[in-house]
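**Q** Chain residues, written in single-letter form:
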Amino acid sequence: MSDALVVAELSEDGSVKKATLSAITFAKRALPALGGSFSILILGPNTKTAAAELAGYGAAKVLTCEDASFAKYTAENFAPTVAEVGKAFGLVVATATTFGKDLLPRVAARLDAAYAGDCSAVAADGGKLVYKRPMFAGNVFGYCTLGTPVQVATARQSEFEAAAVSGGASPVESVAKAAPSGAASRVEFVSLEAVKSERPELTEASIIVSGGRALKEKFFEVLEPLASALGAALGASRAAVDAGYAPGDFQVGQTGKIVAPKLYFAIGISGAIQHIAGMKGSKVIVAINKDPEAPIFQLADYGLVADLFTAVPALIAELKKRS
Amino acid sequence: MKVLVALKRVADPDNANKVKISPQGDAVDSTGLEWKTNPFDEYALEAALRLTENGKTPKKREGEVVVVTLAPKEGETMLRAALATGADRAIRVEANDADLDGRLVAHALKALVAAEKPDLVLLGKQAVDGDSNQVGQRLAELLDWPMATFAATIKEEAGALLVGREVDGGVATLRVTLPAVVTVDLRIVAPTSVFSKLSQAEAGFKHNEGVRFAPLPAIMAAKKKPLEVKALADLVGSQQSTTKYLKFERPPQRTGGAKVKDVAELVEKLANVSKVI
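Residue numbers (the numbering used here), protein chains in the order written: chain A, 1 to 323; chain P, 1 to 277.
Just so you know, the hints here were simulated from the structure itself, not pulled from any lab data. Glycine included, each C-beta is placed from N, C-alpha and C at the ideal position. A portion of the hints provided could be inaccurate.
[To be verified] Simulated restraints, written as ranges between beta carbons of each label pair:
#	chain 1	residue 1	chain 2	residue 2	range
1	P	N96	A	P247	35 to 43 Å
2	A	A176	P	G237	27 to 35 Å
3	A	G231	P	R250	33 to 41 Å
4	A	Q298	P	T31	21 to 29 Å
5	P	A264	A	K290	13 to 21 Å
6	P	E268	A	P247	29 to 37 Å
7	A	P180	P	K259	21 to 29 Å
8	P	Q239	A	E293	35 to 43 Å
9	A	E66	P	Q239	31 to 39 Å
[As the list claims (entries may be wrong)] With a straight-line Cα cutoff of 25 Å, these simulated SDA-like cross-link-like pairs (lysine to any residue) come out:
#	chain 1	residue 1	chain 2	residue 2
10	A	K28	A	K132
11	A	K320	P	A271
12	A	K218	A	E201
13	P	K247	A	L226
14	P	K56	P	A221
15	A	K321	P	V273
16	A	K87	P	T31
17	A	K177	A	E318
18	A	K262	A	L226
19	P	K36	P	A222
20	A	K18	A	K262
21	P	K275	A	G281
22	A	K17	P	V171
23	P	K244	A	F141
24	P	K73	P	K56
25	P	K20	A	K218
26	A	K321	P	V267
27	A	K262	P	G256
28	P	K155	A	L192
29	P	K197	P	E209
30	A	K128	P	I21
31	P	K244	A	D3
32	A	K177	P	T177
33	A	K216	P	A222
34	P	K259	A	A272
35	P	K275	A	P200
36	P	K275	A	D125
37	A	K280	P	I277
38	P	K224	P	M1
39	P	K18	A	Y143
40	A	K218	P	E209
Same shape as in the complex, but just chain A (with noise of 0.2 Å):
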């Protein structure tokens, strides 16, 4: 029997990040597997704020690790910690945002143990955790074991519903925090250049308007009214990216973001294998390009073979019309 290590990520603020929820079912799941309890281990400055919020989700223990040097994450600061407490867990799982990717992998390297990323499902089978990953692209789904003692992974938060909070107020206690890595004292954390949005995260909006190479420098111009009538957040086609078009982290895809809203919506996007890796998993996904034989059609639950430009202001006038 063994427990699971939920490691949380926290806001600047010191709020808890959305994402952690995820990574609180993914536990929940492996949790027939390992016969044990779940926990979850907060870093940061100020924990008091997180750790309130964490204790209503029925973990055995919320371990809180408080330190000035936390207020600013790098992996190398954070993954002795982790690792530190993690080695008592039979599985350390964090959600596989940046942070999350970043961060477990140099944890599992710490404890010597196996790591499965960005898994989609974990289950039980005959007492040992089976992990599913998605790999080439999205086109195959890979189900794997790990065989050391400790096992590490990170979970798509796309594939996770978010934990709901189940009452009662989990124990709270403080760690120490582990003996500093060589490697910390020789990164410096310079700056974090957010990108000012009203608009939803990406990953957490239900409904995306994401545009492709055809919107050109009018990416902006067409694709906002449209994102700001149905409360959307705005991706985007690697294609428009490496083009300038749209900024970096509107990418939608295999090497960008793994989104599954319940409404998406593909415009001037041809559907590259990359780019439908990271939106197949849409509720209803809709289409909008005027050439009829794009691929993206073929996985659009609607298609609309039109000329972008004057489609998507009749769109908008529409969807007003109803408002």
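Keeping the supplied structure of chain A fixed, place chain P upon it in accordance with the hints.
**A** Chain P only, in chain A's frame:
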């Protein structure tokens, strides 16, 4: 600067949807697909070349680029191509993909780093077959080196690199003291993404967009560049992969393909049939 670049050969990523699964479901079969260098590793190589050359006159090099792969003999085609684009030496560790996982690869690279003593190890952020995204991070930890993952920009400073990382919600900038490990993202091959000390000295200098291609004479010359072969056991001892794949399957196909005639019908369907607006 001496840079070690790790390369992996992968089944043609532009045709990843043509990868087959064995009838028993226990293996992935890429027969019929061309082997290509993992795109992110190609970008890592390009970044390494940019860091070791003078901007305007790339022939003026300062430093050395060593490319390494863990692959069977056929993987040497990829190494020769890397040598043709400008790498100086190559190392192939005899191994088959099926016997490796990220943990074992990181241990092997650690042993190579101990022998080669580079100032910097550059890798792609992930290989597009396994999509695992772990080797760079693991290697940095095993070496107790600082790291910068998902790099979109690299600027060389005295004994350090200033790295812009693509993270959720923006760009995080780290300064890593060398020696370090850097894994690269797509945008690292944009014209003004990578600056060595030499190229920075030239005002307004820009690289060409994307990765460079090898001219024919360089392809011929690459055949004479050194390529060393090592045994995996000499690097990792008796250690084995600790990741076991039990089965593979295809994701369920979407049943798309329906068309609407105009925006009015589209909005009507979204509101009344799918009920998503």
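**Q** Each hint should be assessed against the structure and marked as holding or not.
**A** Comparing the hints with the structure gives:
1. Remark: the range hint 35 to 43 Å for P:N96 to A:P247 is upheld by a beta-carbon distance near 41 Å.
2. For the pair A:A176 and P:G237, the beta carbons lie near 34 Å from each other, so the given range of 27 to 35 Å is met.
3. Between A:G231 and P:R250 the CB atoms are about 34 Å apart, so this pair conforms to the stated range of 33 to 41 Å.
4. Roughly 25 Å separates the CB atoms of A:Q298 and P:T31, a value that falls within the hinted 21 to 29 Å.
5. Between P:A264 and A:K290 the CB atoms are about 18 Å apart, so this pair conforms to the stated range of 13 to 21 Å.
6. Distance hint for P:E268 and A:P247: a CB-CB separation of about 34 Å, consistent with the stated range 29 to 37 Å.
7. The given range of 21 to 29 Å is broken by A:P180 and P:K259, whose C-beta atoms sit roughly 60 Å from each other.
8. Taking 35 to 43 Å as the suggested C-beta distance range, the pair P:Q239 and A:E293 does not conform, at roughly 50 Å.
9. The hint said 31 to 39 Å for the Cβ distance between A:E66 and P:Q239, and at roughly 37 Å that hint holds.
10. About 16 Å separates the Cα atoms of A:K28 and A:K132, which keeps this hinted pair within 25 Å; it holds.
11. A C-alpha spacing of about 13 Å is found between A:K320 and P:A271, which places the hinted pair at or below 25 Å, so the restraint holds.
12. Under the criterion of a C-alpha separation no larger than 25 Å, the hint pairing A:K218 with A:E201 is consistent with the structure, at around 22 Å.
13. Only pairs whose Cα atoms come within 25 Å are accepted, and P:K247 paired with A:L226 is rejected, the gap being roughly 43 Å.
14. For the proposed pair P:K56 and P:A221, the alpha carbon gap of about 22 Å is at most 25 Å, so the pair holds.
15. Between A:K321 and P:V273 the CA atoms are separated by roughly 18 Å; this keeps the pair inside 25 Å, and the hint holds.
16. Distance restraint check for A:K87 and P:T31: the Cα-Cα separation of roughly 41 Å exceeds the 25 Å cut-off, and the hinted pair is therefore not satisfied.
17. Only pairs whose Cα atoms come within 25 Å are accepted, and A:K177 paired with A:E318 is rejected, the gap being roughly 57 Å.
18. For the hint pairing A:K262 with A:L226, the CA-to-CA distance comes to about 16 Å; that is within 25 Å, so the pair holds.
19. Taken as a hint, the P:K36 and P:A222 pair is honoured in the structure, with Cα atoms around 18 Å apart against an allowance of 25 Å.
20. Between A:K18 and A:K262, the direct Cα distance comes to roughly 18 Å. Compliance with the 25 Å bound is thereby established for this hinted pair.
21. For the hint linking P:K275 to A:G281, the alpha-carbon distance of about 17 Å falls within 25 Å, and the restraint holds.
22. At roughly 18 Å between alpha-carbon atoms, A:K17 and P:V171 fall within 25 Å of each other, so this suggested pair holds.
23. The straight-line distance between the Cα atoms of P:K244 and A:F141 is roughly 14 Å, inside the 25 Å bound, and the hint therefore holds.
24. A C-alpha spacing of about 36 Å is found between P:K73 and P:K56, which places the hinted pair above 25 Å, so the restraint is violated.
25. This hinted pair does not check out: P:K20 and A:K218 have alpha carbons roughly 40 Å apart, beyond 25 Å.
26. Using a Cα cut-off of 25 Å, the hinted pair A:K321 and P:V267 holds, with the two alpha carbons roughly 10 Å apart.
27. The hinted pair formed by A:K262 and P:G256 meets the criterion: a straight-line CA distance of about 15 Å does not exceed 25 Å.
28. A distance of roughly 17 Å separates the Cα atoms of P:K155 and A:L192; the hinted pair therefore holds under the 25 Å criterion.
29. Taking the CA atoms of P:K197 and P:E209, the gap is near 20 Å; set against the 25 Å cutoff, the hint holds.
30. With a C-alpha separation of about 24 Å, the suggested pair A:K128 and P:I21 falls inside the 25 Å cut-off, and the hint holds.
31. A threshold of 25 Å between alpha carbons decides the hint, and for P:K244 with A:D3 the separation of about 22 Å falls inside it, so the pair holds.
32. Annotation: proposed proximity of A:K177 to P:T177 holds, straight-line Cα distance about 23 Å (limit 25 Å).
33. Our distance criterion of 25 Å between C-alpha atoms is broken by A:K216 and P:A222, whose separation comes to about 40 Å.
34. Under the criterion of a C-alpha separation no larger than 25 Å, the hint pairing P:K259 with A:A272 is consistent with the structure, at around 19 Å.
35. Simply put, P:K275 and A:P200 have alpha-carbon atoms about 20 Å apart, close enough for the 25 Å limit, and the pair holds.
36. Restraint check for P:K275 and A:D125: not satisfied, since their Cα atoms lie roughly 37 Å apart, outside the 25 Å limit.
37. Taking the CA atoms of A:K280 and P:I277, the gap is near 19 Å; set against the 25 Å cutoff, the hint holds.
38. Pair hint P:K224 plus P:M1 holds up; C-alpha atoms about 23 Å apart against a cutoff of 25 Å.
39. The straight-line distance between the Cα atoms of P:K18 and A:Y143 is roughly 19 Å, inside the 25 Å bound, and the hint therefore holds.
40. For the hint pairing A:K218 with P:E209, the CA-to-CA distance comes to about 23 Å; that is within 25 Å, so the pair holds.
Hints 7, 8, 13, 16, 17, 24, 25, 33, 36 from the list above are not met by this structure, while the remaining hints are.
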